[in-house]
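A.B. asks: Bring the two chains, given one by one in their own frames, into a single complex with the hints.
Those protein sequence lines, which keep their order, are chains F and L. Under the working numbering, the residue at position 65 of the first sequence is numbered 65, and the numbers go up by one with no gaps. Under the working numbering, the residue at position 190 of the second sequence is numbered 190, and the numbers go up by one with no gaps.
Please keep in mind that the hints were generated in silico from the structure rather than gathered at the bench. Incorrect hints may have been included.
As the list claims (entries may be wrong) - Here are the simulated DSS-like cross-link-like pairs (lysine-lysine), alpha carbons at most 30 Å apart as the crow flies: (1) F:Lys167 x L:Lys187; (2) F:Lys135 x L:Lys118; (3) F:Lys163 x L:Lys190.
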Amino acid sequence: MAQLHKEQFKEIVERFVELKDTSELMMDLAYSSLLLNRKDLAEEVQELEEHVDELHTEFELLVLSSGFKPEESKDFLGLIRLGVVTEKIADAAAEIAEVVLRGIEPHPVLKIAIEEAEETVTRVQVAENSPLANKTLKQAQIPSETGMWVLAIRRGKKLIRPKPSTKIEAGDVLIASGYAKGEEDLEKLAAP
Amino acid sequence: MPRLEKIEYKPIPVRELLVEMKNLSELMIDLAYSAALFNDKELAEDVLELENRVDTLAYLLEMEIMIAARDSEDAEALTGVSMVASAADKISDAAADIAAIVLRNIGMHPIVSEVFEKVEERLTRTRVNEDSIFIRKQIGELDLAARMGVDVIAIRRDKDWIIDPKEAERIKRGDVLIARGAPSGIKEFKELAEGKLRKLED
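Bound conformation, chain L alone (with noise of 0.2 Å):
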C-alpha cells in the first residue's frame, strides 16, 4: 500500500480547483482508454498517478467549500460545486479502472487493439514519420484545437510520456501522439502525422 499523505488546507480558489479537477478527470479518461486499448503499462501508471492528484484536489475543494458556504443560500448553491467535483472525482476513479486492466496484467486480446485503431474514430495514436509538417512545430503553433478540433493530449518521446503537452512543446520525428477530437480532424491529424497530408488547412 502507498502510504497516503496528510491534506492540509490551502488557499486555492474553487475556481482553479474545479477547471483542474475538471481537466484532468477527461483527460485521464482518453488516457486510460489509450492505455488498455494500447496495452501501455506506462501510461496506465501515469493515469494512477494522475488520479492521486485528483484525490488531493477533491479535498481541497471539498475544504474550500466548507468554508465558502456562511448560510443556507450559499450552502444550496454550493451543493452544485460539490456535486460537480463529485463527478469529476468518480470519473477519475473510473479511468484509474481501466488502468488497473492494464496493470494487473487482465489485460486486452491482441486483436482488441487492433480492431479498436480501425473502428475509433475520436482517439488516436499515431507516430510522426519524418515527412511530416508536424516535426519541430511548438504545439501551439499548429493550432489544432481552432483548426480541426484536434488535442493532443500526450507524446511519447523515446521511452518517457509527456502528458498534457505545453503549447511550447516541439515535436519531434519518431515521437508517437495520441490525440483526441472530432473524427473528421482526427482523420486529418492522422495523415498529417504520417506526412501523407503535407498541408495545414486554415
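Extracted from the complex, chain F is given alone in its bound form (with noise of 0.2 Å):
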C-alpha cells in the first residue's frame, strides 16, 4: 500500500514540476518580448497560457481523485495551492504579453530595465537544412556552440520538456534562453 502511495506521489510531483516550469518558461518569454517588441514570443505566452490551463485542471482532478485520507487533506491543500499559484504566475505572464500584442510601444526604460535584469529568451524554428535537425539535444552541443540553452521545445501544439536524449525534428521551436550574443548563433544554426 505504501508503495503504491509513493507512485502516486510521483505523477502528482511530476505534473506539478511541468506547471511550474512552464509557468516560469512563459514568465521569460514575456519579459523578452517586450524587450524585443516580438508579437511572436507574445503569441507563444498566449497559447503556453492555454496548455497551462489544461495542466492545471489536469493536476488538480489528479490531486482529487488520489484517494487521500481525511488526515492527510492538509498536505493535499498544500499541493493544491502550489496549483493556484503556478496558474497565477502564467497569467501575470499573459499580461505582459498582452502589452505587445495589443501594439503599445515599450517605453525605452523598460527595455534597458529588462536588459540590465536577465538574459533573454527566445525561439528559433529548426528549418530542413539546419544541421540541428534529427539530431538528439546531447548531439546537438547548442550550449557549447552558441551560449543558449534550450528550456522547451515546441513540435505542433506538444510543448516538449527537453531531455539529452530528446530528437531534434526539422520544423520544431526551440525555445532557448541566454545572453543576445548567442541568439544570433542559435538563428544561424537553426535556419542556415
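C.D. replies: Below, the structure written as C-alpha cells:
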C-alpha cells in the first residue's frame, strides 16, 4: 500500500513540476517579448497560457482523485495551493504579453530594465537544412556552440521538456535562453 | 496585523525600481517553492519580508510613473511599464501565497519533498561536502552563470539564510545552497557541491 502511495505522489509531483516550469518559461518569454518587441514571442506566451490552464485542470483532478485519507487533507491542500500559484504566474505573464500584442510601443526604460535584469529568451524554428535536425540535444551541443540553453521544444501543439536524448526535428520551435549574442548564433544554426 | 508604514516619495529612477522588482519577484518565486517543498519556515518568512519590499517598490514606481507622464504619448508608453510592474507585484504576491502554505502549517506531505528532489531539474538544494571544490571560493569567482547557467539564490549557514548572496560571499563547508538554472547545469552544480565532481569545466 505504501508503495502505491509513493507512485501516486510521483505522478502528482511530476505534473506539478511541469506546471511550474511552464509558468516560469512563460514569464521569461513574456519579458523577452517586451524587450525585443516581438509579437511572435508574445503569441507563444498566450498559447502557453491555454496549455497551462489544461495542465492545471489535469493536475487538480489528479490530486483530488488520489484517494487521500481525511487526516492527509492538509498536505493535499498544500499541493492544490501550489497549483493555483502557477496559474497566477501564468496569468501575470500573459498580461505582459498582452502589452506587446496590443501594439503598445515599449517605453525605452523597459528595455533598459529588462536588459539589465537578465538574459533573454528567444524562439527559433528548425529548418529542414539545419544541422540540428535529426540530432539529439546531446549531439547538437547547443550550449557550447551558442551559449544558449534550450528550455522547451514546441512541436505542433505539444510542448516538450528537453532531455539529452530528445531528438530535434525539422519544424520544431526551440525556446532557448542565453545572452543576446548567442541568439544570433542559434538562429544561424537553426535556419542556415 | 503588522503595522503598515507610510510610503514617502523618493526620487529613484524608474529603471532601478523596475529592475529590483523584477529580480526580487523572480527570486521570491524560487525561494518560495523551495520553502514549500523543503518545508522550511525560516525561508518562508524571508519570502514574506521580500514581499513587503516589493510592495514598497510598487508604490514608489507608481509615483514615478505619474510624475513622468506629461502628455498622452508619455502616458501610452508608460502603460507598459505600469503593466510590467503590476505583473511583478502579482508574482511576488503569488510567492507570498506559497510561503503562507508553509507558515500556516498547511504543509506538504513528506513524500512530496522526497519525490520533488528527484523530479525537479531546475531548482536544487544541496549541502557543500568537505571534498567540494566550492569551499573557500567566492561565488563570483566560480562564475557559475557563464559556466553552467546556474545561480545560487540562497545559502543556509548555521541557522540563517543568506538570500541572494553577493559575488564576494565565500562558500563554507556545510553550507546548504539553493540554486536554480538549466537542468544540465544544475546536475553538474550538485555534483560539484557534493564533491563527486572535482573540476570546473570552462
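A.B. asks: Each hint: holds or not?
C.D. replies: Against the structure, the hints:
1. Between lysine 167 (chain F) and lysine 187 (chain L), the direct Cα distance comes to roughly 21 Å. Compliance with the 30 Å bound is thereby established for this hinted pair.
2. For the given pair, lysine 135 (chain F) sits about 27 Å from lysine 118 (chain L) by alpha-carbon distance, which is consistent with the 30 Å threshold.
3. Between the alpha carbons of lysine 163 (chain F) and lysine 190 (chain L) the distance comes to roughly 18 Å, so the proposed pair stays at or under 30 Å and holds.
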